[in-house]
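K.L.:
Sequence:
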Amino acid sequence: MEWLELLREAAPVMLRGAGYTVLFALAAMIGGLLIGFPVAVLRMLPYRLLAWPAGVYVSLMRGTPLLVQMFVIYYGLPSVGIEFTPVTAGILALSLNSGAFLSESLRGAIGAVSKGQWAASYSLGLGYWRTLYYVVLPQALRVAVPAMSNTLISLIKDTSLVSVITLTELMLSTKEVISTTFQPLPLYLAAAAIYWALSLLFEALQRRAEQRLNRAHHSR
Numbered sequence: 001m002e003w004l005e006l007l008r009e010a011a012p013v014m015l016r017g018a019g020y021t022v023l024f025a026l027a028a029m030i031g032g033l034l035i036g037f038p039v040a041v042l043r044m045l046p047y048r049l050l051a052w053p054a055g056v057y058v059s060l061m062r063g064t065p066l067l068v069q070m071f072v073i074y075y076g077l078p079s080v081g082i083e084f085t086p087v088t089a090g091i092l093a094l095s096l097n098s099g100a101f102l103s104e105s106l107r108g109a110i111g112a113v114s115k116g117q118w119a120a121s122y123s124l125g126l127g128y129w130r131t132l133y134y135v136v137l138p139q140a141l142r143v144a145v146p147a148m149s150n151t152l153i154s155l156i157k158d159t160s161l162v163s164v165i166t167l168t169e170l171m172l173s174t175k176e177v178i179s180t181t182f183q184p185l186p187l188y189l190a191a192a193a194i195y196w197a198l199s200l201l202f203e204a205l206q207r208r209a210e211q212r213l214n215r216a217h218h219s220r
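The sequence shown begins at 1 in UniProt numbering and counts up one residue at a time.
No wet-lab data here; the hints were simulated from the structure. Cβ atoms here follow ideal geometry from the backbone N, Cα and C, with glycine treated the same way. Be a bit skeptical, because a hint or two may be false.
What the hints assert, rightly or not - Distance windows between CB atoms, simulated:
#1 Leu23 x Arg207: 20 to 30 Å
#2 Met44 x Ala209: 44 to 54 Å
#3 Leu26 x Gln139: 21 to 31 Å
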């Protein structure tokens, strides 16, 4: 009963933090897609001058911890005169990190579209960019949905790291409640349950999106 009372009192603060968690994850997902799509396209172009920097970015973001990236952006860049608010720094770090993983998912999905689709479009007079936009990308997005959804679910969990730059979300909200109640076990378990519930929610949305895309594809 003591735990139930504690969780009832902590619920408003933790649920508000969970709301911020979802907002940060969605903002970072949008930022990651805005970064990931052009990076994926650049890596597929036959121009090393463009493909090489994109490849370095992907390797750097995937090969270093997100926590280190966050520290560099929020604590390191001010030493050279570049400062961000905690919200901007957190979303920027999450976007840059997820953009690298999304670019690989999108690059694989674009590469999975048969070369016959490209050839047929060229024969109709469509150039590279129009073929990519009108023919290839819609098919690639259907293939990439599972990987993109996995990235979003990972972002839900990765937002816990923004608490280290004093950004309020679920984990920092939980720590604040613990600092006044001194009951870490039930509160951390509750936070884990909320993260799990959010992951299950987005997994269900992923399956629904896949089903709709598959129905739309087969009805053509």
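K.L.:
For every hint, state whether the structure bears it out.
P.N.:
So, going through the hints one by one against the coordinates:
no. : hint                       : in the structure
1   : Leu23 x Arg207: 20 to 30 Å : 23 Å, holds
2   : Met44 x Ala209: 44 to 54 Å : 25 Å, violated
3   : Leu26 x Gln139: 21 to 31 Å : 25 Å, holds
The structure does not agree with numbered hint 2 stated previously, though it agrees with all others.
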